[in-house]
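Which chain is which? The protein sequence lines are B and Z, in order.
Each residue of the first sequence is one higher than the one before, starting from 1 at the first, in this note's numbering.
Each residue of the second sequence is one higher than the one before, starting from 1 at the first, in this note's numbering.
Read the hints as simulated data drawn from the structure, not as lab findings.
Positions of the beta carbon are idealized from the N, C-alpha and C atoms, including for glycine.
Just so you know, not all the hints are guaranteed correct.
[Claimed, not checked] Ranges of calculated distance between the beta carbons of each label pair, as one might list FRET restraints: (1) Z:R179 to B:T17: 25 to 33 Å; (2) B:E119 to Z:T161: 22 to 30 Å; (3) Z:A117 to B:K70: 18 to 26 Å; (4) Z:R179 to B:P104: 15 to 23 Å; (5) B:K20 to Z:S95: 48 to 56 Å; (6) Z:R238 to B:P104: 26 to 34 Å.
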Amino acid sequence: MSIRILIVDDEPDFIETMVKRFTFRKMPVTAATSGIEALTLLETESFDVVIMDVRMPGKDGIETLKEIKKRAPLTEVIMLTGHASVESGMRGMSLGAYDYVLKPVDFEELLDKVRKAYERKQLNEGRHSAD
Amino acid sequence: MKDDTARTDPGTGAGPAVSPAARRERPRPLWPHTVAFPGLAALAVLAAVFLPAPLAVILAFFTGSLCVWSAVDMASRVRASERERSSLDAQLIQSQKLAAIGELSSGIAHEINNPLAVMAQEAEWMTHLMGRPDPTPENLAELRDSLSEIVRQVDRCKTITHNLLNFSRKMEPVPQEERLERIMEDMVLLVEKEAGHKGVTIARDYDTALPPIRTDVPLLRQVILNLLLNAFQAIEGRGAITVSTRKAGEGRVAIVVADTGVGIPPENLPKIFNPFFTTKPPGQGTGLGLSLCHGIVDRLGGAITVESEPGKGSAFTVTLPA
Chain B
1 MSIRILIVDD
11 EPDFIETMVK
21 RFTFRKMPVT
31 AATSGIEALT
41 LLETESFDVV
51 IMDVRMPGKD
61 GIETLKEIKK
71 RAPLTEVIML
81 TGHASVESGM
91 RGMSLGAYDY
101 VLKPVDFEEL
111 LDKVRKAYER
121 KQLNEGRHSA
131 D
Chain Z
1 MKDDTARTDP
11 GTGAGPAVSP
21 AARRERPRPL
31 WPHTVAFPGL
41 AALAVLAAVF
51 LPAPLAVILA
61 FFTGSLCVWS
71 AVDMASRVRA
81 SERERSSLDA
91 QLIQSQKLAA
101 IGELSSGIAH
111 EINNPLAVMA
121 QEAEWMTHLM
131 GRPDPTPENL
141 AELRDSLSEI
151 VRQVDRCKTI
161 THNLLNFSRK
171 MEPVPQEERL
181 ERIMEDMVLL
191 VEKEAGHKGV
201 TIARDYDTAL
211 PPIRTDVPLL
221 RQVILNLLLN
231 AFQAIEGRGA
241 ITVSTRKAGE
251 GRVAIVVADT
261 GVGIPPENLP
271 KIFNPFFTTK
281 PPGQGTGLGL
291 SLCHGIVDRL
301 GGAITVESEP
311 GKGSAFTVTL
321 PA
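Model the full assembly from the supplied sequences, consistent with the hints where possible.
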């Protein structure tokens with residue numbers, strides 16, 4: 001089964017590039033341009049890995065991360081940030097983000113992180129079904 | 001307020017920290033043990049020179065038993081204070097747990113109360129409809145509506161409890177294979193820019209020959225980020241942080257985060273992993289960062305230690321199973 005990925009970023013250019021690159025790897029991705037949109041999508045669909053920008057107008061990445069972890073705790077979230085803020089990094093990691101990565105991010109590296117995050121979700125689910 | 005002033009003063013943190021028992025009762029005086037008994041013993045030795053043998057023997061036994069009593073008393077005091085300290089630590093951990101449970105349970109109550117309210121309303125409406133003498137088709141349709149609404153709300157509650165179960169599972173570490181320096185590097189990059197603005201450089205000394213380790217990666221990242229932030233905050237003005245990874249004996253690896261900051265006074269060293277211990281002004285630190293690190297490292301099967309020299313800097317070492 002392929003990894004169900006959701007990309008959340010308010011920059012259309014970034015989303016476009018990402019969708020293109022993931023699709024080129026035969027990995028279908030869904031895109032959302034805001035935290036609210038991502039949460040609406042999550043109500044009807046489930047995702048394995050969410051790649052999300054921290055700084056977004058409206059509901060920011062940290063707030064959205066909190067909501068995602070509340071609704072679907074097993075979904076892994078990789079946070080991307082354009083400006084390095086240690087404080088928001090600490091908050092993100094303690095809220096259960098899988099990783100907190102500085103933009104620009106090397107695509108191969110991101111791909112590897114997505115795979116690792118997915119592996120973690122599967123391990124968690126395996127534990128779930130074991131008991 | 002008194003606690004706050006105590007916290008702002010990093011140097012004399014040990015001073016105002018009075019244990020609750022000491023506040024309750026005045027501590028028993030120490031002078032009998034330090035002055036009176038040794039003095040008596042010296043007198044007895046002197047007296048033995050002049051006194052006849054039987055008297056000297058009795059005197060020796062007397063002073064000897066006094067000394068024994070003194071030693072027993074001191075030992076029991078030490079034991080009592082140790083007990084008190086460990087119970088104090090346990091109390092702190094307990095209060096932290098209670099706070100977390102309180103927050104969690106109010107959250108759950110809120111989440112479940114809403115569906116409960118809806119269900120109560122629907123049930124009431126159904127009772128009202130069924131109280132009517134002849135069931136019309138409209139009434140039946142409404143009954144069906146109410147019933148399906150109740151089923152929906154039950155599902156909602158089920159999701160909440162499922163998520164909670166998942167949450168509690170998530171507290172357990174999920175080991176994954178990853179290279180140690182990769183786990184560190186993301187966090188270092190995150191801190192480096194902010195550090196650079198402040199004139200703090202970060203030097204890396206990774207042992208790239210280390211094989212990947214099996215650990216809970218996001219948890220370890222939290223520890224590293226916390227240590228980096230601590231190192232960064234310990235530096236006043238310019239300075240350097242050195243991050244390194246290395247082998248630490250058979251089947252173990254180590255991470256070291258060292259800084260050239262203010263260092264930790266020796267009297268604070270044993271306390272830095274205690275919950276709520278902080279030398280930062282109130283509002284600027286919860287005092288939970290390092291105790292969180294300690295808790296996580298413990299869960300990962302590792303150990304965290306610190307070496308520090310005031311004025312020169314500190315080095316935190318985390319050893320982990322490879």
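Status of the hints after comparison with the structure:
1. Under the hint 25 to 33 Å, the C-beta atoms of R179 (chain Z) and T17 (chain B), about 27 Å apart, fit the expected range.
2. For the pair E119 (chain B) and T161 (chain Z), the beta carbons lie near 27 Å from each other, so the given range of 22 to 30 Å is met.
3. Restraint check, A117 (chain Z) to K70 (chain B): a C-beta distance of roughly 20 Å satisfies the suggested window 18 to 26 Å.
4. A hinted range of 15 to 23 Å holds for the C-beta pair R179 (chain Z) and P104 (chain B), which are about 21 Å apart.
5. Between K20 (chain B) and S95 (chain Z) the Cβ separation comes to about 52 Å, which falls inside the hinted range of 48 to 56 Å.
6. For R238 (chain Z) and P104 (chain B), the hinted distance range of 26 to 34 Å is satisfied, since their beta carbons lie about 28 Å from each other.
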